[in-house]
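Student: These protein sequence lines are chains B and S, in that order.
Numbering-wise (the UniProt record's numbering), the first sequence opens with residue 1 and increments by one.
Numbering-wise (the UniProt record's numbering), the second sequence opens with residue 1 and increments by one.
What the hints contain is simulated information worked out from the structure, not anything from laboratory work.
None of these values were measured; they are calculated from a predicted model.
Mixed in with the good hints, there may be bad ones.
Here's a subset of chain B near chain S, in silico, CB distances under 8 Å, partners left out [stated by the list, open to error]:
(1) Asn51
(2) Leu56
(3) Pro58
(4) Phe91
(5) Arg93
(6) Phe97
(7) Pro98
(8) Leu112
(9) Ser148
C-beta atoms are modelled at their ideal positions from N, C-alpha and C, and glycine is treated no differently.
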Amino acid sequence: MAKRIEVKDLDIYYDKFLAVQGVSMTIQPRSVTALIGPSGCGKSTFLRTLNRMHELVPNARVEGSVVMDDDDLYGANVDPVNVRRQIGMVFQRANPFPTMSIYDNVAAGLKLNNKRLKKSDMDDLVERSLKSANLWEEVKDRLHKPGSGLSGGQQQRLCIARAIAVQPEVLLMDEPCSALDPISTQAIEDLMLELKENYTIVIVTHNMQQAARVSDTTGFFNLQGVGKPGELVEIDETTRIFSTPSQKATEDYISGRFG
Amino acid sequence: MSTSLTTPQQDPDLNTPLGGVSLTAGQLPRGAAPTTLVAAGLAGLLLWFLADWDIVPCALLAAAAYVVIIYTWSRAVEGPRKATDRFVTAAVSGAFLLALLPLVSVIFTVVSRGVVRFDSEFFTYSMVGVTSEGGGIYHAMMGTLIITGLATLISVPIGMLTAIYLVEYGRGKLAKAITFFVDVMTGIPSIVAGLFAYALFVMMFGPGVRMGMAGAVALSVLMIPTVVRSTEEMLKLVPNELREASYALAVPKWRTILKVVLPTALAGIATGVTLAIARVIGETAPLLVTAGLTDGDNFDPFDGRMTTLSVFSYYEYQSPGLFAEASFDRAWGAALVLIIIVMVLNLVARAISKLFAPKTR
Numbered sequence: 001m002a003k004r005i006e007v008k009d010l011d012i013y014y015d016k017f018l019a020v021q022g023v024s025m026t027i028q029p030r031s032v033t034a035l036i037g038p039s040g041c042g043k044s045t046f047l048r049t050l051n052r053m054h055e056l057v058p059n060a061r062v063e064g065s066v067v068m069d070d071d072d073l074y075g076a077n078v079d080p081v082n083v084r085r086q087i088g089m090v091f092q093r094a095n096p097f098p099t100m101s102i103y104d105n106v107a108a109g110l111k112l113n114n115k116r117l118k119k120s121d122m123d124d125l126v127e128r129s130l131k132s133a134n135l136w137e138e139v140k141d142r143l144h145k146p147g148s149g150l151s152g153g154q155q156q157r158l159c160i161a162r163a164i165a166v167q168p169e170v171l172l173m174d175e176p177c178s179a180l181d182p183i184s185t186q187a188i189e190d191l192m193l194e195l196k197e198n199y200t201i202v203i204v205t206h207n208m209q210q211a212a213r214v215s216d217t218t219g220f221f222n223l224q225g226v227g228k229p230g231e232l233v234e235i236d237e238t239t240r241i242f243s244t245p246s247q248k249a250t251e252d253y254i255s256g257r258f259g
Numbered sequence: 001m002s003t004s005l006t007t008p009q010q011d012p013d014l015n016t017p018l019g020g021v022s023l024t025a026g027q028l029p030r031g032a033a034p035t036t037l038v039a040a041g042l043a044g045l046l047l048w049f050l051a052d053w054d055i056v057p058c059a060l061l062a063a064a065a066y067v068v069i070i071y072t073w074s075r076a077v078e079g080p081r082k083a084t085d086r087f088v089t090a091a092v093s094g095a096f097l098l099a100l101l102p103l104v105s106v107i108f109t110v111v112s113r114g115v116v117r118f119d120s121e122f123f124t125y126s127m128v129g130v131t132s133e134g135g136g137i138y139h140a141m142m143g144t145l146i147i148t149g150l151a152t153l154i155s156v157p158i159g160m161l162t163a164i165y166l167v168e169y170g171r172g173k174l175a176k177a178i179t180f181f182v183d184v185m186t187g188i189p190s191i192v193a194g195l196f197a198y199a200l201f202v203m204m205f206g207p208g209v210r211m212g213m214a215g216a217v218a219l220s221v222l223m224i225p226t227v228v229r230s231t232e233e234m235l236k237l238v239p240n241e242l243r244e245a246s247y248a249l250a251v252p253k254w255r256t257i258l259k260v261v262l263p264t265a266l267a268g269i270a271t272g273v274t275l276a277i278a279r280v281i282g283e284t285a286p287l288l289v290t291a292g293l294t295d296g297d298n299f300d301p302f303d304g305r306m307t308t309l310s311v312f313s314y315y316e317y318q319s320p321g322l323f324a325e326a327s328f329d330r331a332w333g334a335a336l337v338l339i340i341i342v343m344v345l346n347l348v349a350r351a352i353s354k355l356f357a358p359k360t361r
């Protein structure tokens, strides 16, 4: 489990519009990589290219390479479904399936793909995933109630449990705490620190304290101006980025002197 | 200088809040509106009884009197905003009553004339050998259920798959063309659908062909656009986030549609389908030319004429024969049964959407 991702000269397009330009970075296994930067600079777009969710937008495409374990994710005979099997994703807004119970939501990755497990194995998997997501204690007595009856923070942890139930190598998180209160945020940050023992985690966040708290490596995205493509300004160890960044733009951004 | 220190300038707003507008305003006494309404109504009744006017001008006059009185009274006491409010309230309620009037009248007529024949013979016998009183609509009820059921079996798969294509896959010219033709089909007169089905079956079985299946095909021509439209709207309501959540779990697109999108939209789709059935179950013209009429039981949609409730009702009224009163009673009875079937379908639709709706508790 947990794999290294090498991104090289990645250009990301929406139809003819170049949204993100020339990104090269290495995402280390068993670590948390945080991506920060102003709104609209392409952090989320970049994140979605890592598991080929970007191309779900009509006419969206990329150039360059994203290599995981010697395989280019954008190679000619790569099935995006298989890519997503190894690289899971948690979204900004919690999106549990409204027709399913809490149990079924966690088991969704298997059930929707018609993977049959023995009932006891499935029970184990659901319990383990919910425990990893720090949600087990809160929902163990109502597993067969609908997932949409949970609070916002619980729903987001349910989505994390659902993502890790399929045991991916890499977990992408797109501003997972932006709609949550500090207590739920704390719970999810603790969770990330536990999960990085086994997974590669990439998180997009607007909260710089959060990046500083949870990540090992931080990448700063920026864009030169309106209508220009976003780009990766620098990426380094989190402690370096937040103390002695090499670029002035990074320093301005993290110290709040931006714009 | 000293004066301004001892008597500080007062803020004018403190004494006259909201820049001169008082917070309180005049109000009509409680029950002013109902009292006026009753008074106007009584005046109308008086005109009806004493002056011996027609009831329609009396009712219109009473309504107009109420509107004028309540508006001028309210404007004098409460001001123009409240007066407009009361005027619009009266106008909206009036329009509602006007819309309700024909509906209530239809239901009253059909029920009062239809229940005459609600006996066991009516529901268990056909019209074989019936020349005077008696006889039943068993054959027509079964015919309606069989033909409408077949039409549903044809339309629902085609309609739903079209909608899925339009929402989930369709891009570019083909999708636009399909949407356009579905819109056009929605407006096809039902007799045209009937003639189309008749012509189609004449090509296959020769001239003069009459069979239940042809009726079902005619009805599905009318039903498909309705099913496509309602399913399309329901699928569009499914949040894109759910599709993305499913893709991110490495679920292929077709499974995402089958297991996430459709179940989420199922309540709405079921309601739409039921309403589409209710829309075609009362069709007469297309069934007249395709399925025809017979007196006896025929439950084989591929063999010969098949009676439906609406066609039966039409013929009983159009050619009553010697015992006209009995014929008319049968026609009204059949119409009432049809209305009851449609009402039951609507109730079923509600129950289904309650049953399938995503729950939060």
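Student: Each hint should be assessed against the structure and marked as holding or not.
Tutor: Hints, one by one, checked against the model:
Annotation: interface hint on B/Asn51 holds; nearest CB of chain S at approximately 7 Å, less than 8 Å. With a least beta-carbon distance of about 6 Å to chain S, the hint placing B/Leu56 at the interface is held under the 8 Å criterion. The restraint placing B/Pro58 at the interface with chain S holds, with a minimum CB-CB distance near 7 Å, inside the 8 Å limit. At a threshold of 8 Å, the smallest CB-CB gap from B/Phe91 to chain S is about 6 Å, leaving the interface hint in force.
A least Cβ separation of about 6 Å between B/Arg93 and chain S falls short of the 8 Å threshold, and the interface hint therefore holds. With a least beta-carbon distance of about 6 Å to chain S, the hint placing B/Phe97 at the interface is held under the 8 Å criterion. Interface hint status for B/Pro98: upheld, as the beta-carbon distance to the closest one in chain S is roughly 4 Å, under 8 Å. For B/Leu112, the interface hint holds, since its Cβ comes within 8 Å of a Cβ in chain S; the closest pair sits about 4 Å apart.
A hinted interface residue such as B/Ser148 counts as satisfied when its beta carbon comes closer than 8 Å to some beta carbon of chain S; here the least separation is about 5 Å, so the hint holds.
Consistency with the previously given hints is maintained throughout, with no hint failing.
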